[in-house]
Amino acid sequence: MHREPYVIIGNSVAAMGAVEGIRSVDADRPITIISNESHHTYSRPLISYLLGRKVGDDDMLYRPPDFYDKNNIRAWLGVEVIGVDPRAGTLETADGRTIGFENLLIATGGKPIVPPDVEGAEAPGVFAFTTWDDARRIQEYIEERQVESAVVVGGGLIGLKSMEGLVQLGIRTTIVELADRILGATFDDTASAMARRRLEQSGVTVLCGNTVTSVEGTEEGLKGVVLRDESRIECSLVIFAIGVRPSVDVVRGTDIEVDRGILVDERMRTSADGIYAAGDVAQADLLLGDGKLPIPVFPNAARQGRIAGVNMAGGEARWRGGIAMNAVEVLGLPTVSVGLTSPGDDQCEILSELNEEEEQYRKIVLRDDRVVGAIFIGDIDRAGIITGLVRERIDVSEFKDLLLTKEFGLLSLPREYRKHIVSGRGIVV
Amino acid sequence: MKRIVAREEYCVGCRLCEIHCLVQHSKSKKIIKAFREERDSVLPRLRVEESGCVSFALQCRHCEQASCIEACMTGAMHRAPETGAVLCDTDRCVGCWMCIMVCPLGAIRRGPDSHVASKCDLCIGEDYPVCVANCPNEAIALREEDEVNA
Ligand SMILES: Cc1cc2nc3c(=O)[nH]c(=O)nc-3n(C[C@H](O)[C@H](O)[C@H](O)COP(=O)(O)OP(=O)(O)OC[C@H]3O[C@@H](n4cnc5c(N)ncnc54)[C@H](O)[C@@H]3O)c2cc1C
Chain A
996 MHREPYVIIG NSVAAMGAVE GIRSVDADRP ITIISNESHH TYSRPLISYL LGRKVGDDDM
1056 LYRPPDFYDK NNIRAWLGVE VIGVDPRAGT LETADGRTIG FENLLIATGG KPIVPPDVEG
1116 AEAPGVFAFT TWDDARRIQE YIEERQVESA VVVGGGLIGL KSMEGLVQLG IRTTIVELAD
1176 RILGATFDDT ASAMARRRLE QSGVTVLCGN TVTSVEGTEE GLKGVVLRDE SRIECSLVIF
1236 AIGVRPSVDV VRGTDIEVDR GILVDERMRT SADGIYAAGD VAQADLLLGD GKLPIPVFPN
1296 AARQGRIAGV NMAGGEARWR GGIAMNAVEV LGLPTVSVGL TSPGDDQCEI LSELNEEEEQ
1356 YRKIVLRDDR VVGAIFIGDI DRAGIITGLV RERIDVSEFK DLLLTKEFGL LSLPREYRKH
1416 IVSGRGIVV
Chain B
533 MKRIVAREEY CVGCRLCEIH CLVQHSKSKK IIKAFREERD SVLPRLRVEE SGCVSFALQC
593 RHCEQASCIE ACMTGAMHRA PETGAVLCDT DRCVGCWMCI MVCPLGAIRR GPDSHVASKC
653 DLCIGEDYPV CVANCPNEAI ALREEDEVNA
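Chains as they are written, first to last, in the numbering used here: chain A, 996 to 1424; chain B, 533 to 682.
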């Protein structure tokens, strides 16, 4: 059987990272990309900007139109992979093809969690929000039905992003969050409260500790939702954004090890020879603490993809452990969160500074004299230095007192580390 | 191939580099106009850090493994194929600040008037970056690649 040297399932962040990784080692053997979405590779996080009409279709592309040609990629778009056979080294597509591979990367990302036990969740007017097509369908629905009010279920990142798109269209929006605060996974109480205030100032209603139990629709369309406390909200659009989980379907029934995601080692290898996984679908080592977990954020997907690609092509690259991090503007309020932001134990030391009037907040979480988490709201410009300290596990005991000062910068850092990052290879003039 | 290096032992903290950088990236490219009329809309792309008697000028290192490119969710942050410089395509940048979150040098800022990332572009089109050309003490210098790594 003919075997393709490199096959990638997926056409997004991890997949593009892998292409770049492969090409850094192997300049020419062909790469096959198979994706069930029919678009050229596009930026997933931009779908909220698209919804809010901040960017147009042309701006959605994550890599230029000639990227496939330039990299000798054959892209099969709109083709679903339904199974992988690790022993035979083949995969099968929904349209009945069997493809042999030497190296396979599974970069299938995540898929939205379907709300359990919500009556009427299949009604027209109820959407998920993770793909370009989702955004397009929502836009069409909004235009067709002249939607004026919407409910977003879930106050996490994707819930907030979809809310932002809706608000930009002038749609009255309510967020319903089960936990007692929004952005609970990445923010602490203070930061969540600041974000909430921003939302409320922009006319968004935030309901915490509550959820949608049923959706009321009629022939003419959606009428509203009923909440757990039996209250009712009128709306003609509902977006469920209660989380994503790794899309592991393609390896179901094989002996490839799966926990929450597909388990991978530090070179992004699964338990099967020649098969790799990267991005939101993968469950890889953590930077802080033991064990593995999927961390579905963009920078991790890009780096894991590249590492997988390098290794697939016979090079050598290793994953040093992932950490949750995000930069989100909450209706214009810049925020950055990294790592452990509200530790449950008392083994951590916390430095923080809050100025509520000016919407400025900075918090640094230390454990054993190392930064393990941080939140920046408002002035975020030098947050990256702190992220660097987290990633490099730098001992900060000598300059802890400087971390939150105005003057904090590279000069506050130990000379050795400073030299190391300042003289990193790369400036070419 | 040459690279920019910062030599903190030579930096006197005069901040001429910041001024030249600001003017270079202003619309008018004229110092008086830039400071009088454009002050709120343009920032220097590098910054001088100072603490006691130590100071140095810091701009993007155009890292070989650039975290900002990796974290950029639109593809705006990219490596220029001809020069290897890390550049932000401001038409495609939406100002999500992922790059700021991951730059270990803190060398990227939010643009002052436009919602895009602002960073060193190595003064495209000039023979030398203006910070290098105008540093009175050669504290910002261009060096051959192998000298730098030696
Ligand atoms: C609205 C929104 C906003 C976001 N904002 C941010 C943000 O600000 N910061 C951040 O860090 N992260 C953000 N994320 C998360 C980020 O987009 C993901 O971490 C990233 O896209 C993961 O990349 P990936 O390549 O692993 O998977 P994905 O981007 O999910 O791509 C998976 C690919 O696999 C394909 N695929 C899946 N199953 C199959 C199959 N069976 N057969 C064929 N093809 C298949 C899909 O078509 C797709 O091409 C956001 C996500 C969303 C939805």
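Any given hint could turn out to be false.
Footprint (simulated), chain A over chain B, 3 or more residues, beta carbon under 8 angstroms [to be verified]:
id	stretch
1	585–596
2	600–614
3	640–650
Source of the hints: derived by calculation from the structure; they are not laboratory data.
For each residue, glycine too, the CB sits at the ideal point set by N, CA and C.
Each hint, compared with the structure:
1. For the stretch 585–596 of chain B, the proposed coverage by chain A is satisfied: 8 residues have a C-beta within less than 8 angstroms of a C-beta in that chain, meeting the threshold of three.
2. Against chain A, the stretch 600–614 of chain B contributes 5 residues with a C-beta closer than 8 angstroms to a partner C-beta. That satisfies the three-residue criterion, and the hint holds.
3. Remark: the stretch 640–650 of chain B is confirmed as covered by chain A, as 3 of its residues place a Cβ nearer than 8 angstroms to a Cβ of that chain, reaching the required three.
Every hint, counting from the list given before, is met by this structure.
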